[in-house]
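Spelled out, the chains give:
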Amino acid sequence: MSDVTNKSQTIENPNRLPVIDSADLCIYSAWIHSISKDKNLWGDAFRTSTLIASILLSQQVKSVNAIPADNFQNYYWLALKTQNLNLQQSAPRFVFPQVDSKPISKGVESNTKASDSAELETIFKGLAKNWREVTGGYSLTMRRYANGSYQSILALEPKKEVISLILRELEQRPDRWFEALKALTKANPAQNAKTFEETVQRWVEWGKSENYIS
Amino acid sequence: MLPPALVKKFPKLPADGATKSSDATEQYNCIAWSANRDKKQWWQPIKEEPWDYWPPGIPVDFSFESFVLLFEKRGYKKCAGSHFEFFYKKVALYADQDVFTHVCDQLNSGEWWSKLAAYEDVKHNSLEALEGNTGNEYGKVEQILKKRCDLFDILARTFRKIKLRFN
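Residue numbers (this note's numbering), protein chains in the order written: chain E, 52 to 265; chain V, 19 to 185.
Hints in this document: simulated from the structure, not taken from any laboratory. Take these hints with a grain of salt, some might be off.
The following label-pair restraints were derived from C-beta to C-beta distances [to be verified]:
| no. | chain 1 | residue 1 | chain 2 | residue 2 | range |
| --- | --- | --- | --- | --- | --- |
| 1 | V | Ala98 | E | Lys259 | 54 to 62 Å |
| 2 | V | Ala42 | E | Lys245 | 13 to 21 Å |
| 3 | E | Arg224 | V | Arg166 | 40 to 48 Å |
| 4 | E | Lys237 | V | Ala42 | 24 to 32 Å |
| 5 | E | Lys210 | V | Ala23 | 26 to 34 Å |
| 6 | E | Glu222 | V | Leu20 | 21 to 29 Å |
Backbone N, C-alpha and C define an ideal beta-carbon position, used for all residues, glycine too.
Given the sequences, and given the hints that come with them, work out the whole structure.
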């Protein structure tokens, strides 16, 4: 996994991982069957399954390379495993809010910064709500982290503002944001906390002391 | 009375006659509750926070079999039916596409007791109440396990039976 760590520093949405659909499989199967008629060395079924398995394996290897580094390298297996579950259970999918894409003029720089922050907050709140609603019933937190909305939050920029938004969300609606915070801040002020509430409290206090929230 | 937000996530609960038995908390999950009535730890294979816990000797590979093994190490044995048996207590493990999703345990009354992840605890009459693929439902019951009741449970069940006879 160390190679993967060096290669990738960003969090990719697991829903973007390559997937072979049934149409692809039909094409592969048809192609293999056409070869098998010419050469007739092994049984059709065996040949078909080995080639499909090797294709799937190569796709999985590519997927692993696209999986995030740092704390999330442990999550790749579950992200792959639960990919279909998340797709099913998150329906209807989250739709990004419409963002006004007018060109930015230099004269209104301060207003632009404010509107960028507002847009980031809108996007964050939408993703956080979606994540909470879709994954709130999961008993294993790794399944929650494999969700696309959660990973999209980790990919948002600028990081400092995202940390502030997460800490404010944590203060208002306590939830399992700790792994995201650890990944973004490289800190863990709650490493000796005994309860969920204490963990939340320590992160909020840390956020205030580091001027992320007031 | 079930909270509306919970009903939205588990739409079959009202028809089942399920009742809420505690407030929502993120301190413990269904595995902690059904395996050990633990209200202080969140049981899961990877320890992220100091209050996360996973019993020693159980693989951390997230496979469904590991969750079955967790209960087997606590004296449960695989069985077929979810019906109430006087001398046995049972647990039901749910899975969705072979991924473990939930566990609940049978009470002396025959009801099932579920801690719904970070949501409330509920008592429900059937295992089907949490089955499905909409909302936050847990797929389907993949494995039932049972173990002999201890003396306290047998006494409780006996008193309950006597009480029901005289009512």
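Status of each hint after checking the structure:
1. V:Ala98 x E:Lys259: 54 to 62 Å: 56 Å, holds
2. V:Ala42 x E:Lys245: 13 to 21 Å: 20 Å, holds
3. E:Arg224 x V:Arg166: 40 to 48 Å: This hint holds: roughly 43 Å between Cβ atoms.
4. E:Lys237 x V:Ala42: 24 to 32 Å: 31 Å, holds
5. E:Lys210 x V:Ala23: 26 to 34 Å: Holds: the Cβ-Cβ distance is about 32 Å, inside 26 to 34 Å.
6. E:Glu222 x V:Leu20: 21 to 29 Å: 28 Å, holds
In the structure shown, no violation is registered for any of the earlier numbered hints.
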